[in-house]
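The chain contents come next:
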Amino acid sequence: MSRKSASNRPVAVTGIGIITSLGRGRQENWRKLVAGSSGIHRLTRFPIEGLRTTIGGSVDFLDLDPISVPALSLALAREVCAEAIAQSGVGEAKSFPGELFLASPPLEQGWPQRMILAQRMPGIRETGPRYADLLQAAAQDCGDMHTDFLNGTIADSLAEEFGTQGSPITLSTACASGATAIQLGVEAIRRGSKAALSVGTDGSLQAEALIRFTLLSALSTANEIPEQAAKPFSKNRDGFVMAEGAAALVLEDADHAKTRGAKILAYVRGCGEAADTFHRTRSNPNGAAIVGCMQRALADAGIGPEDVDYINAHGTGTPENDKMESFGIQQVFGARASSVPVSSNKSMIGHTLTAAGAVEAAFSVLTLNEGLLPPTINYAQPDPAIPLDVVPNEARRADVAFILSNSFGFGGQNVSLVLSREAT
Amino acid sequence: MSQNGQADRPLMRDVWITGCGLVSALGEGKAQHWARLDGAAAGEAVDSTSFAPFHVYPIGPLELDRHIPRRGDQRAMGPLMQYGTYAAGMALQAAGVAGDEDLLSRMHLLAASGGGERDVELDEQILATLCGGEASQAALNEATLNEQLMNGLRPTLFLAQLPNLFAGNISIVHGVSGSSRTFMGEESAGVDAVRIGFERIAAGQGDLVLVGSAFNASRWDTHLIYQPGGLLLSGPMRGLWDRPRDGICLGSAGAFLVLEARDHAVRRGVAPLARLSAIQSDRCGRTAGAAASNAARQWATVRPKLRDSALAVLSGACGSGPITREERGFLQDLAGWGVDLTVRGTAGVLGHSVEAAFLTNLILAISCLERRKLFAPLAPEEPLEVRDVGAVDQVLVTGWGHRRGEGMALLQTVE
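Protein sequences appear in the order of chains A and B. With our numbering applied, the first sequence corresponds to residues 1 to 424, in that order. With our numbering applied, the second sequence corresponds to residues 425 to 839, in that order.
Errors might be hidden in some of the hints.
What the hints assert, rightly or not - Quick list of simulated restraints, FRET-style, between CB atoms:
1) Arg796(B) x Arg282(A): 48 to 54 Å
2) Ala132(A) x Arg662(B): 52 to 58 Å
3) Thr424(A) x Arg692(B): 16 to 22 Å
4) Arg499(B) x Ala335(A): 40 to 46 Å
5) Val813(B) x Thr147(A): 34 to 40 Å
6) Arg692(B) x Asn284(A): 23 to 29 Å
7) Ala712(B) x Thr259(A): 52 to 58 Å
Keep in mind the hints are simulated off the structure, nothing from the lab. Being a predicted model, the structure only gives us computed values, none of them experimental. Each residue gets a CB set at the ideal place from its N, CA and C atoms; glycine is no exception.
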């Protein structure tokens, strides 16, 4: 193992918060995750008539009315920030000593907003309301419809509530977003920040979003038994299951954490990133970007593939992703590829999209702490083309010192993180 | 400890700008922009009919083949992504990075982008169906909505709507593959993209960064983001510094910079366009005076880096009355504190390009530094604009968001 320079020294994790369709808080989530429970269910938030996919991992237990993407994404993020900061004990109340990096879904006004505006225009001609009419209605008293749907609003609200420093950053690297938020936090601490609050949140399970992914043939249509629909790495996998959730990680300069006597849960040891220049939705068949980001993460951590005890896979359950991820793991791990345990949290919580990288990093911290590998559930039909140990169906005890966590996004943005139990 | 919670660890390395690309209503590239800004023709760029009663500063037709050679790539993007990818190509070419696989594989991409472009025609068709001719009586029938969306949405358009595909397209077309991050969040996204690029280079976390943004004003759905509550100027055009709250005119832009560590640029023999000497970004609750307080703190940080010479200020003031007046007050305070300065409010001739506004002004600042002078006043009625400060070797760029976020940067000539 190579020695660490200041520029890529380990960054401590001192607090985590999690919310998914499995439940609220890290304890409930972890208990259900390692029990192999599924959070996927029949959707009831909106009518499912005419939809090809009628299931998802929506978070329906927060008391929100009406539910909008920004309102739910903010509510989810607030829960996990509060949980993570409380565990960490860093800073004073309402004064977090670092920047905020937030992965959140892109926002736009939805159909309820368009209809509210349309209803304000009585006597609209036979053609129905045009955008020009909506604009005329919009100038009236509806400032919230402006502020609530700005991309910067969620981060701004969190910055106000938790007192993070400087300008909060809202980011998107599609399904890698949550991992990018962590990477930005790690980089800020390596530049000299004392702490960073890295958050991924996604409350975007609306009919239009579901239909858009349907039209890309990305979603599972195994609607009959919702909890069995997400089946990463299986031969009969048929797409991902859309889901909601959030996670926050309090990242901290390790010396800062030790000096204040904080309990260090884990370390982020390395981050790797590579953009695929091949195609908008498909990986380059040579796997270069996926391989590159895993290798860069290992190099940044100063370890080799032989040091990795477990891989928290991107594992969406789409035919393409799982095939390419398996191929990439085989390229990086060589003969060890079939013996390193690899599992997908998405088999239980679905694909939390923008939040996924953060949610799965938070679960990786718990995996290190508990010495228990979460399973890949719904693994009934192994795919001979994917010769991996996917920790099938049941959690497994293991001594885990190093975890590689993968996040690969539509649009070719790929991030891998290395987390460890110890600083060296 | 500084505003960003940083320990007092200096960001040691000099950051140069070695390439830039700009498209806007005033044309393409620095020379065209200068000619329009410094001449009398700047005001002609506005289109007050296509989106009446609103005023829009549109980008004219681009020869896409020059920087987006493959037709398939052109078709995969809406205008927003085309503007960005085009300007990114200009910047890469200017910096001598275009086509250099080694450099491109180590280059980090930071993009600031809003949401994508909806299918406005489909939205209107669906609204017509949902409203059935009498909107005020209509309820949102979600089953009908599902059916309409299933039948009407085009899969490829979804990709043109994802903000991260903005960066994705640049990676695909130009081969930038070191890393790719897209920031969202209106004006601040543009400021923070530059700030993170600057900090990474200064701290040795990279040598070469492509940073930029684009904005497409020629869209009804984009206007709908900013009009609720009344923020867009309607009725007759008015001077930038003297508009009501509903005082924003949107303007299209694509603006990209290549940031580079000085040592790296020297090694590969590239001349700097400017030195990015400081960049600050912050937020506040936007109670009256809070944004000016942030700017005053930023000024205190930037001030030690200033030379004795006069200061040109390119302001990103958006035109909405209250916040534009607060910024004018801050700039008047600077003058009152004895700073020899003159100001240009560029949104008065380019429109406000939100995420791209700050980057656009950084590029216009480079033009000023290259010519060692500032272009003619854009608002001759504004006392801050008509002062003559003579030769220019440093430009302060401000970028205050219409709703939140305050940014400030200092560009200086490389002596």
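Alanine 132(A) and arginine 662(B), beta-carbon distance inside 52 to 58 Å?
violated (22 Å)
Measuring from beta carbon to beta carbon, are threonine 424(A) and arginine 692(B) in 16 to 22 Å?
violated (37 Å)
Range hint 40 to 46 Å (beta carbons of arginine 499(B) and alanine 335(A)) holds or violated:
Because 44 Å falls inside the window, the suggested range holds.
Check the following: the C-beta atoms of arginine 796(B) and arginine 282(A) are separated by a distance inside 48 to 54 Å.
holds (50 Å)
Okay, arginine 692(B) versus asparagine 284(A) on CB: inside 23 to 29 Å?
holds (28 Å)
A range of 52 to 58 Å was offered for this pair. Does it hold for the Cβ distance of alanine 712(B) and threonine 259(A)?
Violated, since alanine 712(B) and threonine 259(A) (Cβ atoms, about 40 Å apart) do not stay within the stated range.
Outcome of range test on Cβ distance (valine 813(B), threonine 147(A); 34 to 40 Å):
holds (38 Å)
Of the hints listed earlier, those the structure fails to meet are numbers 2, 3 and 7, in rising order.
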